[in-house]
Amino acid sequence: MRCFYNFILNGFSNTYLVGPDGGGDAILVDPGELNIKLFKLIEDNDFYIKHILITHNDNPHTEGIRTILKIYDAKIYCNSSRINDMDTIKVKADDEFTISGFKVKAVKAPDFLTDSILYRIDNMLFTGDILGAGRISKRLKTLPDEDIAEYIKNNLLCLDDNTLVFPGHGPPSTMKVEKMFNPDIKDILESS
Amino acid sequence: MFTFNVCKSRDCGKYSVTGYDRCFSHLENREAVLKRYLESFSSEEMIRNTNFEEIHVENFLLQNKQIIVSNFSNSIFENVDFSGSHILFSLFQFSVFSDCTFTETIIKYSNFAGSTFRNCDFSGSDIVNSNFLGVAASVCNFNDSNLYYTNFTNATLKDVTFLDCNLKKADFYRSRRINVNFKYSNYEEADFER
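So the protein sequences, as listed, match chains A and B. Counting from 1, position 147 in the first sequence corresponds to residue 166 in this note's numbering; the numbering is continuous, with no gaps. Counting from 1, position 158 in the second sequence corresponds to residue 191 in this note's numbering; the numbering is continuous, with no gaps.
Any given hint could turn out to be false.
Derived lysine-lysine pairs resembling DSBU-like cross-links, with alpha carbons at most 35 Å apart [what the hints assert, rightly or not]:
#, chain 1, residue 1, chain 2, residue 2
1, A, Lys172, B, Lys201
2, B, Lys47, A, Lys69
3, A, Lys198, A, Lys122
4, A, Lys198, B, Lys216
5, B, Lys201, A, Lys69
6, A, Lys89, B, Lys47
7, A, Lys127, A, Lys109
8, A, Lys198, A, Lys89
9, B, Lys141, A, Lys122
10, B, Lys202, A, Lys127
11, A, Lys172, B, Lys216
12, B, Lys141, A, Lys89
13, A, Lys205, A, Lys89
14, A, Lys195, B, Lys68
15, B, Lys41, A, Lys157
16, A, Lys124, B, Lys202
17, A, Lys69, A, Lys157
18, A, Lys157, A, Lys111
19, B, Lys216, A, Lys124
20, A, Lys111, B, Lys141
21, A, Lys111, B, Lys216
22, A, Lys69, A, Lys89
23, A, Lys56, B, Lys201
24, A, Lys69, A, Lys195
25, B, Lys141, A, Lys56
26, A, Lys59, B, Lys216
27, A, Lys127, B, Lys47
Hints listed in this document are in silico derivations from the structure and should not be mistaken for laboratory results.
With these hints in hand, go ahead and build the complete structure from the sequences.
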């Protein structure tokens, strides 16, 4: 398995391309746009975009879908039944499905973020805006402290330390670093 | 590109070195692999899509390199000159940097969390949206650098200078700072509390 990263100027967001060694059907995560660099990554590696995973319905993570669908016949997976007026395959927390040859597990987002979902593929966790390197989402912080703690305990702390965290914005991280140094997560661990 | 082949040695969860099926500590011909990689680092301008955790590099020039989407976590760098290099979307977590030079580097979207920096010079650099969570830095110099949105939460900083830096949205929450100098920097725009 190979995972490529592409920086998108639209919202300073990250798009990820996951595909098999040697080319074939591939997955795009949060395509904020289809720029030349991303297109070259896809084509130079002999990938065909068959599936698009959306962590949440926000322009910097979805704007590229329309262009991609003009080139590739891809299915969209997200936690809403429609996105940018396009039909999707709705994903719920804990759903497991296999796409482009990879097993994907949907990881729960907090209930009130009704359009959000996280995806785990092998040891990679695509967190969208829920968890960044050293930060949790500002939207998550609108929850009462005990609800944040419960969400993080039940859904993120159970992940292996080697899990790679690929957020929608900013640098990558690992769960080990988040557990050790992310102040919001560290507090929860220390209080439990 | 990240490759995620886990070391084939029993009960080892570490990532294997790019091009091999085992992590560095479980490779049989470690010296030869290290030599091959260091030769390639010297000759190539771009270090891309490379996974080499636990590498030990000393007295080495990595000037004007492009280090892109690579993983060098749990490594040791002694007297390594990274000056003028671009480091993008790479992991250097839990590493040790002694007497290293990072002058006029461009570091973006990279993660140095949990690392130790001793006597390192980052002056004149663009260190944007990068992560220095929980680092222990002593006798280090970030002068004349742009540290926009860079995160030093839980870091321990001793004898570190941030003279004339852009600290907009830089985060020093819960950092321990001993003899740290922010003179001429816009520390009002950095976060020290929440």
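Item to check | Holds or violated: Lys127 of chain A to Lys47 of chain B, with C-alpha atoms at most 35 Å apart | outcome: Answer holds: Lys127 of chain A to Lys47 of chain B is near 27 Å, not above 35 Å.
Checklist entry - Hey, Lys198 of chain A versus Lys89 of chain A, does the alpha-carbon distance stay inside 35 Å? => result violated (41 Å)
Next on the checklist: So if I understand the rule, the pair passes when the alpha-carbon distance is 35 Å or less; does Lys216 of chain B with Lys124 of chain A pass?
Outcome noted: With Cα atoms ~49 Å apart, Lys216 of chain B and Lys124 of chain A exceed 35 Å; violated.
Item to check | Proposed proximity, Lys89 of chain A with Lys141 of chain B (alpha carbon, max 35 Å) | outcome: Satisfied, since the Cα-Cα distance of roughly 32 Å is no more than 35 Å.
Next on the checklist: What's the verdict on Lys111 of chain A and Lys141 of chain B, does the C-alpha distance respect the 35 Å limit or exceed it?
Outcome noted: Holds - the C-alpha atoms of Lys141 of chain B and Lys111 of chain A are around 34 Å apart, at most 35 Å.
Checklist entry - Are the Cα positions of Lys141 of chain B and Lys122 of chain A separated by 35 Å at most? => result holds (31 Å)
Next on the checklist: Checking one constraint from the list: CA of Lys56 of chain A to CA of Lys201 of chain B, max 35 Å. Satisfied?
Outcome noted: holds (29 Å)
Checklist entry - If you draw a straight line from the CA of Lys47 of chain B to the CA of Lys69 of chain A, is it 35 Å or shorter? => result holds (30 Å)
Next on the checklist: Please verify whether Lys195 of chain A and Lys68 of chain B have alpha carbons no more than 35 Å apart.
Outcome noted: Given that 35 Å is the threshold and the Cα spacing comes to 30 Å, the pair holds.
Checklist entry - Given the hint that Lys127 of chain A pairs with Lys109 of chain A, does the C-alpha gap stay at or below 35 Å? => result It holds: about 13 Å lies between the C-alpha atoms, which stays within 35 Å.
Checklist entry - Does Lys69 of chain A pair with Lys157 of chain A here, judged by a C-alpha cut-off of 35 Å? => result holds (32 Å)
Next on the checklist: Next pair to validate is Lys202 of chain B with Lys127 of chain A; report whether the Cα-Cα distance is within 35 Å.
Outcome noted: Holds: Lys202 of chain B and Lys127 of chain A sit about 29 Å apart, inside 35 Å.
Against the hints set out earlier in the document, violations occur for numbers 5, 6, 8, 11, 13, 15, 19, 21, 26.
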